[in-house]
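So the protein sequences, as listed, match chains W and U. Residues in the first sequence are numbered from 1 upward in steps of one, following our numbering. Residues in the second sequence are numbered from 1 upward in steps of one, following our numbering.
Keep in mind the hints are simulated off the structure, nothing from the lab. The C-beta atom is built at its ideal place from N, Cα and C for all residues, glycine as well. Any given hint could turn out to be false.
Not everything, but these chain U residues come out facing chain W in the computed CB check (under 8 Å) [claimed, not checked]: (1) His28; (2) Val32; (3) Thr54; (4) Arg60; (5) Thr189; (6) Ser192; (7) Gly200; (8) His202; (9) His278; (10) Arg311; (11) Gly329; (12) Pro331.
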Amino acid sequence: MNRFNSRLILILLALWMSAGCGAEKASQNSESGQTAASPEKQNPSGFPVTVKDDRGVEVMISEKPVRIVSLLPSHTEILFAIGAGEQMVGCTTYCNYPAETEQLEKVALSNPGSVSLEVLVELKPDLVFLGGDYQRLLADQLSKLQVPVLSFESQSVADIEHSIRGISRSTGHVDAGEALIQQIKQDIAALQTRVKPYQKQGEPRVFYQVWDQPLMTAGPASFIGELIDLIGGENLFADVEIAYPQVSEETLILRNPDVILMPYVNGGPADVAASLRTLNARPGWKEMNAVKNKRLYIIEDDLISRPGPRVVQGLQKIAQALYPEAFQQQ
Amino acid sequence: MQPRQLFLLWRMIPLTGFLLAALVVGIHFGAVELSFDQIRQSLWNPSEGSHISTILWQIRLPRVLLAACVGGGLAVAGAAFQGVFRNPLADPFVIGASSGAALGATLALLCIAGSITVITATWQIPWLILSAFAGAILVVGAVFVIAALSNAGRNAPLLTLILAGMALSSFTGALVSLIMFLNHEMLTTIFSWLLGSFSGRHWNEIMMAVPVIFFSGGLLWLMSRPLDLLSFGDETAMTLGLSTGKFRVLILIAATLCTAACVAVSGVIGFLGLMAPHMTRIMLGPRHVLLIPGSCLLGATLLVVADTLARTVIAPAEIPVGIVTALMGCPFFLFLLVSRGQQSR
Numbered sequence: 001m002n003r004f005n006s007r008l009i010l011i012l013l014a015l016w017m018s019a020g021c022g023a024e025k026a027s028q029n030s031e032s033g034q035t036a037a038s039p040e041k042q043n044p045s046g047f048p049v050t051v052k053d054d055r056g057v058e059v060m061i062s063e064k065p066v067r068i069v070s071l072l073p074s075h076t077e078i079l080f081a082i083g084a085g086e087q088m089v090g091c092t093t094y095c096n097y098p099a100e101t102e103q104l105e106k107v108a109l110s111n112p113g114s115v116s117l118e119v120l121v122e123l124k125p126d127l128v129f130l131g132g133d134y135q136r137l138l139a140d141q142l143s144k145l146q147v148p149v150l151s152f153e154s155q156s157v158a159d160i161e162h163s164i165r166g167i168s169r170s171t172g173h174v175d176a177g178e179a180l181i182q183q184i185k186q187d188i189a190a191l192q193t194r195v196k197p198y199q200k201q202g203e204p205r206v207f208y209q210v211w212d213q214p215l216m217t218a219g220p221a222s223f224i225g226e227l228i229d230l231i232g233g234e235n236l237f238a239d240v241e242i243a244y245p246q247v248s249e250e251t252l253i254l255r256n257p258d259v260i261l262m263p264y265v266n267g268g269p270a271d272v273a274a275s276l277r278t279l280n281a282r283p284g285w286k287e288m289n290a291v292k293n294k295r296l297y298i299i300e301d302d303l304i305s306r307p308g309p310r311v312v313q314g315l316q317k318i319a320q321a322l323y324p325e326a327f328q329q330q
Numbered sequence: 001m002q003p004r005q006l007f008l009l010w011r012m013i014p015l016t017g018f019l020l021a022a023l024v025v026g027i028h029f030g031a032v033e034l035s036f037d038q039i040r041q042s043l044w045n046p047s048e049g050s051h052i053s054t055i056l057w058q059i060r061l062p063r064v065l066l067a068a069c070v071g072g073g074l075a076v077a078g079a080a081f082q083g084v085f086r087n088p089l090a091d092p093f094v095i096g097a098s099s100g101a102a103l104g105a106t107l108a109l110l111c112i113a114g115s116i117t118v119i120t121a122t123w124q125i126p127w128l129i130l131s132a133f134a135g136a137i138l139v140v141g142a143v144f145v146i147a148a149l150s151n152a153g154r155n156a157p158l159l160t161l162i163l164a165g166m167a168l169s170s171f172t173g174a175l176v177s178l179i180m181f182l183n184h185e186m187l188t189t190i191f192s193w194l195l196g197s198f199s200g201r202h203w204n205e206i207m208m209a210v211p212v213i214f215f216s217g218g219l220l221w222l223m224s225r226p227l228d229l230l231s232f233g234d235e236t237a238m239t240l241g242l243s244t245g246k247f248r249v250l251i252l253i254a255a256t257l258c259t260a261a262c263v264a265v266s267g268v269i270g271f272l273g274l275m276a277p278h279m280t281r282i283m284l285g286p287r288h289v290l291l292i293p294g295s296c297l298l299g300a301t302l303l304v305v306a307d308t309l310a311r312t313v314i315a316p317a318e319i320p321v322g323i324v325t326a327l328m329g330c331p332f333f334l335f336l337l338v339s340r341g342q343q344s345r
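Looking at chain U on its own, in the form it has when it is part of the complex (with noise of 0.2 Å):
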């Protein structure tokens, strides 16, 4: 990294701050009301057996940190997927992850409810998180390698993937409609996890998914420069000695990789991978460098927000957190997107 443009890190400041003001409301904030000095006493010295500590150190903080981590994972995926695909339109789950984790996890619950195996109830969690994210890199790849095997001429090679993408999605997809059609009394089970839901997520899913959200979000930040050129065209960036093909793939791996994880934890949270980019581009600028990072701390921020309002607003029940992210994101985004025409007119 050039030290011109470590230097334009300071402008990361204001987004880390609001990522650290979120994750204090969303500690502070949860169906059951506790008192800054309960928070204070009980995260220094937590004591066993008290319900506040529990609460806190078993329940509430994984799940912050959780979302925090899926957001910021959603975002950076968003950001490189709409680089490498030149589309602005692109999110997480363009080609094809969101719908083969649904398929993955829709099967894994199939398989919990139904006696097809008999899944000892430990390993309930863990499984259904495999077939996730197993859905998710089987259904990839296979639009991988639908795209490699049509030679198709110049320049098609990304078009070929966002097709084949949509195709297999709208497969996939239907085959989950298929068995939620065929098995209504799981209906509610499986649409609550196709919206995205951090209920009951521990730190046993944090171990899972955060380290493959961090290897690939970290790999994606290394490749900002390949990314840069990449967004200005095949051709251009030929011109100026990068070979395309090796990164994009790898970029594509590493993002669909961040996706399925976050996926695979989370169910399939809408809009926020399209959103939070888009906004950190408004607020940054185009380059990776700063927009890979400057998109993961605010996809975390709006995530911890947002999952913090669906434990919340009707407690003690809770809203499934995809609903609230499209909710709350769109009008945002659209105001964003007037306000800056404005400006720059």
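If we strip away everything but chain W, and leave its shape as in the complex, we get (with noise of 0.2 Å):
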């Protein structure tokens, strides 16, 4: 038993720790939206600059930094979208966007709390980004060490234009950041009005499968359900307070779901056919809208699990997922 309940703190202190997966949206969070988008305006670009993040802590940035570490994929997008990826020394293993993140210095990071200190300090970051309750911890060993931390959460919709605002302002691109936060916040009033005609016949009933064998969704409290929310689709699941939850098989042919959308991880199959054959013969499977009418569709699993400039390709799939008709008169 001994053996188990440490695998358990390891595990759950690990699935707190994984980005993404991180289901509670804390109070917190709620509350730092608030205290960042209220910025002081100081001469913008202009160094020093006060920033407050997410834990609010007030860190001042006496001048322009150039050595920029980042902790979390999403924040290392957010990076190069504003035009300081040239200010950036390294970033974690996980970040593999854009292209550029290969001649970074990788930051071993095989698990969100495990970052070695030793390897970070020895970068010399002179800012660090990260995020969440997860690495709470470190962001606090950091700034023991004197080295600027700033923690910016990173799991909904909300929080990709908090995080934009934060970092522009604490890398002097802020108005790069402000136009990034127009963009995006175009782009997807753009798609919700390029489904909204053929949402009058009803929205499409969404089962995102997360996995087969335990049945496993993502809930509306989770970064994708939100993202499903946005473009108009109805969650299978929306009853289920849980972010990932594990579902009833029998809920699930019983509310006979439209469309299903499957994450692929990088590099995995994409095969829609096969998934397609596997589906069928599961028992019950058959029957369900989704299955007969060949509606599956895999989606590549980073474009809507970070919360990231990239959301608007993430939802963009989905949107053609759901809506495939306000896609094809082009």
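From the two separate chains plus the hints, produce the assembled complex.
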């Protein structure tokens, strides 16, 4: 039992830590949304600048940082999107986008909490970006070592805007950051208007299959659930509070999804035909609308699990899956 | 079997009743509500294509039956291990079957998810089950080889078996943890498997596991007499004319086979294999002729009830059944321990 206990603790820790999987959007998260959204507009992109992060810690950045390390893939994508990529020295082994991340020093992050402080400090960062409760301890440790740290949540669509604002202010790219925020907002709104006319016949009922055995889906509390909701899909398990719940196959069959979405992890097989054959072979799945009408779509995991600038691409994939008619005319 | 013992089998009747009741409850309740009328209708004349028929015949019924078989199998294996090792703490996983199966399953999940080998979708589940089974057999086999290699003194082989089993369990457990740590995107999946679940199990899994469980469980029942003698200790058993070594190995192999088949289809369901035999012993006494079928019925009952709870408590979401067995089992088990203590005083 002892062995299982220690394993359990390990796993739970790691679960909390894994970005995007950290289900609970802490209340701290929402209140911080207001704090950072109210920047005391000093001379834009001028330093020194004081930024308050999601821990409520105010960090004074005296000059433009040039040795930035990002410990979240979504923050890395934001940094490159606002043009701060050249100021970076390091990112995590999970940061695989954009291609320029190849040239950065990789901080091994086999598990989000397990970064080696020594390796990190050796990079002599003048600013470290991280996020989430699971990296809280790390943030405090770095602060003690006099390394400037900014923690921004990265779990929801609202967090994207909030993180971009915080990151762009602290790196001297305020204008680019605001432009990116506007761009994302416009793109999302454009997608929404595009599918709007097709929603009259009712929203398609969507089942997002995270895993097949045990059968796991993404609830409305998860980032993916939020995206599905945003683009006008009815989450088949909207009544489940857990972010990534194990769900009842009986209920799935009874509720009868119109569309099934699945993730594929980079390099993984995206063979829709083969996956459809598997679904067909499962008892009771043959009669589902989604399987009957072959409406199974496999979407790249990174696009829909990282609350970063590529959210628009992920959202477009979902929109194309839910409302293919809206994208056919062109 | 002697007539007197056969006569004692009437004491199985209440346990059989419990099991039947549990099966009815398990089939009646689920995430989707079905009335008794609906169930009766679609049980007698299953119509193709109706939701109720599909849910009942393809999903709920196989799941309930599989839970019953796995519960029975784990309980019987637990009873046998406790008898052979003369150790009340022994459970079906004592000599490494669970950690071996866990390692096998984890590697299989990794192969399925990663592109290490391309496995066609239809073969994923059999592949998972076979890997878990192979893992369990491999680790337990290694434990036996180690115990055989160490030519320890008299009475020591049992101790060597347990110690070697513990050591290898920790070793394989660490490997599983390492794999999880390095592939943290797979954490939830592997973790759910480790906690045990009957989610998404169908008739295929029953076809694969149940023959093994029945065969090895039946074999153990046939060996109840040697088990009785072995639980007195080797010397007594030998004085009574039993070739201890041969029977011990046979019993251990049968019990391991049974455990491996259970773990392969359900994941690691803790506490049941420890609890059910002890509860049966409290009710029916220590003789294995009664203890083994009794444990089987009780284990099946408990697991069907636990799985029904796992399916319904937070429906339409589910809880891994291993959590339910431990949460519900421990207090009940402790209550039995305490109340029995008061009776005997």
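Do the numbers back the hint for Arg311/U, that is, is its least Cβ distance to chain W under 8 Å? holds (6 Å)
Quick check on Thr54/U please, does its C-beta sit within 8 Å of some C-beta on chain W? holds (4 Å)
Holds or violated: is there a CB of chain W closer than 8 Å to the CB of Arg60/U? holds (6 Å)
Please check whether His28/U passes as an interface residue: C-beta within 8 Å of a C-beta belonging to chain W. violated (13 Å)
The hint names Pro331/U as touching chain W; please verify it with the least Cβ-Cβ distance against 8 Å. violated (16 Å)
How about Thr189/U: closest beta carbon in chain W under 8 Å, or not? holds (5 Å)
Regarding the hint that Gly200/U lies at the interface with chain W, is the smallest CB-CB distance below 8 Å? At about 4 Å, which falls below the 8 Å cut-off, the nearest Cβ of chain W leaves the hint on Gly200/U intact, so it holds.
Is the shortest C-beta separation between Gly329/U and chain W less than 8 Å? Since chain W brings no Cβ nearer than about 13 Å to Gly329/U, farther than 8 Å, the hint is violated.
Next item in the hint list is His278/U. Is there a CB on chain W closer than 8 Å to its CB? Violated. Min distance 16 Å.
Interface hint outcome for His202/U [beta carbon to chain W under 8 Å]: holds (5 Å)
So, as I understand it, the hint says Val32/U touches chain W; can you test that by seeing if any CB pair is closer than 8 Å? holds (4 Å)
Closest C-beta approach of Ser192/U to chain W relative to 8 Å, hint status: holds (5 Å)
The earlier numbered hints that this structure contradicts are 1, 9, 11 and 12.
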